[in-house]
Amino acid sequence: MSGIVCAIRGGPASQPTIAQAISLAQETDLPLYFLYVVNLDFLSYTSSSRIHTISQEMHQMGEFILLAAQSTAGTQGVHAHGMVRQGKLNEEIVSLCNELEADYVVLGRPQTKDEESIFTQEKLAQFIEHIEKQAGAKVVLTESEAE
Amino acid sequence: MKKTARLRQAAFFLLVVGLALVLTNTPGQAQDAEAARLITGQVFDKQDQPVIDALVTLRAAPEAAPVSSAATQPDGRYALSIPKDLHIPDTLTIRIKRAHFQTTDIQISAAAVQELRNGQTVSLPTVTLQRRITIAFWLAALVFAGMLALMATGKLHNTLAALLGATTLFAVSYLGQPLQDSLFIFDFNGALHYIDWNVIFLIMGMMIVIAVIEGTGLFQWLAFMSYRLSGGHVWLLVAILMLLTGVVSAFLDNVTTMLLMTPITVQIALALGINPLALLVPEVMASNVVGVSTLIGTPTNILIGSYGGISFNDFLTNLTPGVLLALVGLIIYSELIYRKEFHAASTSGLSKVLLKKLAKQARITEPENLKKAGVVGAGMLILFIFGERVSLLPAVTALIGATALLVWIRPDVEEMIEAVDWTTLVFFMALFIVVGAIQEVGLISYIADGIGFLVGDNLVLAMLSVTWLSALFSTVIANIPFTAAMLPVIGYLTTTVPGAQNDVLFYCLSIGAAMGGNGSLIGASANMVTAGVSGRAGYSITYAYFFKKGFPALLITVALATIWLLIRFL
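Protein chains in written order, with the working numbering: chain A, 1 to 147; chain B, 1 to 570.
Hints are not guaranteed to be accurate.
What the hints assert, rightly or not - Below, in silico cross-link-like pairs of lysine-lysine (PhoX-like), each with a Cα-Cα straight-line distance of 25 Å or less: (1) K155(B) / K88(A); (2) K133(A) / K88(A); (3) K123(A) / K133(A); (4) K138(A) / K123(A); (5) K360(B) / K371(B); (6) K123(A) / K155(B).
To be verified - Label-pair ranges, simulated between beta-carbon atoms: (7) H81(A) / A141(B): 58 to 66 Å; (8) F42(A) / T167(B): 23 to 31 Å; (9) W235(B) / T28(A): 44 to 52 Å; (10) H81(A) / H343(B): 33 to 41 Å; (11) L381(B) / Q134(A): 20 to 28 Å; (12) I51(A) / S123(B): 55 to 63 Å; (13) R339(B) / K123(A): 38 to 46 Å; (14) E27(A) / H233(B): 41 to 49 Å; (15) S540(B) / E129(A): 21 to 29 Å; (16) G146(B) / K123(A): 26 to 34 Å; (17) F42(A) / V390(B): 41 to 49 Å; (18) P125(B) / I51(A): 57 to 65 Å; (19) I51(A) / L381(B): 27 to 35 Å.
These aren't lab readings, by the way, just hints derived from the structure by calculation.
The beta-carbon is built from N, C-alpha and C at its ideal position, and this holds for glycine as well.
With the hints as extra help, turn the sequences into a complete structure.
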């Protein structure tokens, strides 16, 4: 197995990342996998008892966002798959790459100053190194905001 | 014959019981006669609230040892019994001592002393105790302010912040008092008196009911039906979604409503090709506004209803028309500010693939459970509305509904227990203790005095002050602790401001505290979860964005609701 993994969140900021992944899939003729990771950390300061139901809802929302990306890919002649996972984004990317023996990982370039994001400028280099080392996939950065 | 025999037996039984009652009552009457020498009275604070657990002692002289003592009851009454063998001196003094109040001595008049000598009961005039500011006062105020700051900044989970506050108060009271008496705030039992169990059980019961409903797919189905009903007209869709979210929020808590409505709304927006925020922000604002219309719609209403004795029907009749007026204003405002986004939808067209997916996902997943929940929900609504005729507390109705649903549906009890948000319940208990502390030390009394002084006898000024100050404060501090702290203040103003005895100021607090949540992202928990979900879809709601859209909404909705309150109560 091999392929391209593209982690997306949706929204306008993900569009260049999606476009880059589609373009790469066209160039390499590798299968494209869009990944959406459900993360419920935002519930930690509000309600903790709704995890199960909300997790299902977020899962469906993720599928929907991926379907939109797959639809975009389809219009450009690329058949893309959608994968929804739950957990920490960085761990899930590495995990999927290992499962698929992915060749490439397409990520957006960070524009956020959120210190907790794994995609802050400082942490990104470390993360790229981590993916390349742990999953053996080459990381491709786009100019857009990362997830 | 048998019938006659039974009648005779019954008559004999009644005779025996009657005799026994007479005989056993005789010594009691003798005791009453012996204990007839009583001194009774009542103790209040400056806000005319009864002072509980004050130690009242009777002395022959101010410095003499007490000859009798009693504690004031929840209504502030006390009764000192005079020992029958006590020679009553010419002068008698009553000393009233209570933490956070000045110790007060009252000289009993010569005429009252004579009455006591004659074996009569003496009723003394009501005593008003004066507050005393001690170190405990400042410490309790500091703990309360610290708790609010921790909540506002998000440095600690709300429950942890409240628990930290409560335990700090106990630590100060128990460990500080041996060092210095003035460090005492209250003991554990005293603190427990401030917990409103009606609120705790009402919230818990509703959580179980909501847990059953939320798994049925009802919200998703309703949202999709809103889209179908709108016929693809986004301006109509947003109005329907606002109305739907509002109605749901009036019966379920806003956070759950938005947690369930946001993902499906994002999907509808994406299918329509519009920015999801154009639907989500109006929805969450409608949730904050319409939740006010019922007793169970917001935690702040639950607090207000329990404290002020305001029923489900009272909220419906006194607030719903004002809330509907505010909702109409909010819908018009939302249509105006998002008109560009709505226009974009009509030009970008619909995605058939996404709409197909949406239709597939938006279905009732547990129709049997939904049917049962509907029956129980209707029963609960009837009990909420008519239960007050038999003094049925809303908490009991919620528990009846929750238990009926659990017995009928027989879900996994472990799952249902997990569905109860225990952290929220602990939050409320700890919050009641922290707010109780500032009430105990007198901070609330001083605030009440200050507001009372400012508004004087002017009801309109009082209404405007309470509504608008509550709204503005709720944009920056959590509205639940704010409301909990304001309740005794409003209770005081209700008794002192002429014309406010119809509880109008409680309704003003309800409107201000809930609608004020639209003023900023941190103003309501529902705003935060909406931002959390939409952020996970790539559409961030920033503090600045929400303030720009929400604050004008606050001004419009609170103004319209204020107009209604003025029409209704003046």
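Cross-check of the supplied hints:
As the CA atoms of K155(B) and K88(A) are separated by approximately 22 Å, the hinted pair is consistent with the 25 Å bound. Between K133(A) and K88(A), the direct Cα distance comes to roughly 18 Å. Compliance with the 25 Å bound is thereby established for this hinted pair. Between K123(A) and K133(A) the alpha-carbon distance is near 15 Å, which keeps this suggested pair within the 25 Å criterion. A C-alpha spacing of about 17 Å is found between K138(A) and K123(A), which places the hinted pair at or below 25 Å, so the restraint holds.
With a C-alpha separation of about 21 Å, the suggested pairing of K360(B) with K371(B) holds against the 25 Å cut-off. For the proposed pair K123(A) and K155(B), the alpha carbon gap of about 23 Å is at most 25 Å, so the pair holds. At roughly 59 Å, the beta carbons of H81(A) and A141(B) sit within the given window of 58 to 66 Å. Our hint of 23 to 31 Å for F42(A) and T167(B) holds, since their Cβ atoms are close to 27 Å apart.
Between W235(B) and T28(A) the Cβ separation comes to about 45 Å, which falls inside the hinted range of 44 to 52 Å. Range check, H81(A) to H343(B): about 35 Å between beta-carbon atoms, so the 33 to 41 Å window is met. One distance hint, 20 to 28 Å for the beta-carbon pair L381(B) and Q134(A), is violated here, with the actual separation near 56 Å. Look at I51(A) against S123(B): about 60 Å separates their beta carbons, and that is inside 55 to 63 Å.
Distance hint for R339(B) and K123(A): a CB-CB separation of about 40 Å, consistent with the stated range 38 to 46 Å. For E27(A) and H233(B), the Cβ-Cβ distance of about 42 Å falls inside the hinted range of 41 to 49 Å, so the restraint holds. Distance hint for S540(B) and E129(A): a CB-CB separation of about 28 Å, consistent with the stated range 21 to 29 Å. The hint said 26 to 34 Å for the Cβ distance between G146(B) and K123(A), and at roughly 33 Å that hint holds.
Checked against the given bound of 41 to 49 Å, the beta carbons of F42(A) and V390(B), roughly 43 Å apart, stay inside it. Distance hint check for P125(B) and I51(A): the Cβ-Cβ separation is about 59 Å, which falls inside the suggested range of 57 to 65 Å. Take I51(A) and L381(B): their Cβ atoms lie about 29 Å apart, and the range 27 to 35 Å holds.
When each numbered hint is compared with the structure, a violation occurs for hint 11 only.
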